[in-house]
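A.B. asks: Sequence:
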Amino acid sequence: MSNYHEVDVVIIGAGLAGLTAALQLNKTNLTFIVVEARTRPGGRIYSHRTSENVTIDLGAQWFSRKHHRVQKLISQFGLHTVSTFRKGKSIYELNGTMNYQKSAPVSSMALIDIFQFSRKLNKISRELDERTPWHGPAADYDKITMEQLLESKMHTKLGKKYLTQLLEELLCANLYEVSALDVLWCLKTAGGVTNVRNSEQMWVREGMGALTDAISNFLKEKIRYDRQVEKIYDENHCSFIYTSNDCWKAKKVIIAIPPNLQTRIHFQPPLPASKAQLNERSGLPSVIKMIFVYKTPFWREFGLNGNALLEDGPLVQTFDSSPEKASRGVLTVLINGTRARNIERLSIEARKREVLVALVRCFGEEAEEPLYIYENNWSEELWTRGGYGVHYAPGIITNFGSALFEPISSIHWAGSETATEWRLYMEGAVQSGERAAKEVIDCLAN
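Note that the numbering used here gives residue 442 to position 442 of the sequence shown, counting from 1, and the numbers run on in steps of one.
Treat the hints as calculated values from the structure; they're not laboratory data. The reader is advised that the hints may include incorrect statements.
To be verified - Estimated spans, in silico, between C-beta atoms of each pair:
1) A350 to I112: 39 to 47 Å
2) K161 to K87: 23 to 31 Å
3) K66 to K325: 25 to 33 Å
4) S103 to A445: 25 to 33 Å
5) D312 to L111: 32 to 40 Å
In this text, all values refer to a predicted model and were calculated from it rather than measured experimentally. Beta carbons: idealized from backbone N, C-alpha and C, even for Gly.
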């Protein structure tokens, strides 16, 4: 028999959104509990400390100087930020040629094309309402893919190719899979193209997981791990939340897990059709993150900053994530979209060999001998099944988008997918947790 408990609020999910909601509720007299299916906090944030005390991030890592909520939490819990290493040349592969330079290797005409298209994106996105992007003339962009929008508005082959590379790395998906309105909505909530381009300016010295660990330690017994929520029964203005171990009666529920995972919960009464169908259409893109640890960041000796953007082969992009004092060299490798789906068919060892070949092509023979290699395939994570966040195909936002964050009876929604500022970023996760907590606090005060 399940253990029975009563609280004011149950929060489902101990990712950054759920933990933020918990911090807000902790400032009140409301009783609450956080239930998490994993045995750790963080959700799509996951850090690992090597035997040599080098911290690596296998999940969400970077943030912008404009991500004030995230920075406030980092400061509050005594952690430290590191600026992403940018000194030196980047590597750009275009049309089969490796280019080593400080800016994109495109013609002046292509640069003008990219600039003008970016201005158009900013202009269109400004017309959207961040809470209801499916209303108004801009909703027509949900009828086409981002690829179709790019093809119709850009004029140079090189400009199209370069921008496609950048966008597909950002989305973890092919442009023909994603609604143009989805991308415009993300731009709206981020404040435009330039803000998105500058969204990887910093990371946490101790690892982003140190933040979620610190919040977890602060909340202590108010989090229950290894608790998969199996069913939620809504009855007489309260909910009964069942896990394999417990039954919690609550006046309010905040569900702070990705929409694709919400389909695993049995709701009674069933969710409205629009919400259920939205969840069923909310698969996460494919992404694999690999970390290669070297004796030193040797690429810096050649005037390189460790940043590579490749058009072919297994990997999409690399970053220098070396410790501040360069005690070790750390290359972060991102593999996503079609490339992730292709390479994940190989064994782990075969994947490593494929990526090493690509790294040697970029950085030379020294890249062939890392001290350690770490990998996390987020599509294989039972309680994630992909990353970084949900991107919708044409037609979904206008038909089902209103169900994304509208409360249903006693249930409220959080998670970066529901953010109205910096949607799909850690900043958005924090904002969504604050918003959901405020909804609940306001409702229970009346």
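A.B. asks: All hints, please: hold or fail.
C.D. replies: Now the hints, each set against the structure:
1. Restraint check, A350 to I112: a C-beta distance of roughly 43 Å satisfies the suggested window 39 to 47 Å.
2. Roughly 27 Å separates the CB atoms of K161 and K87, a value that falls within the hinted 23 to 31 Å.
3. Separated by about 27 Å at the C-beta atoms, K66 and K325 satisfy the suggested range of 25 to 33 Å.
4. Roughly 53 Å separates the CB atoms of S103 and A445, a value that falls outside the hinted 25 to 33 Å.
5. Between D312 and L111, the C-beta spacing of about 23 Å breaks the proposed range 32 to 40 Å.
Checked against the numbered hints above, the structure breaks hints 4, 5 and satisfies the rest.
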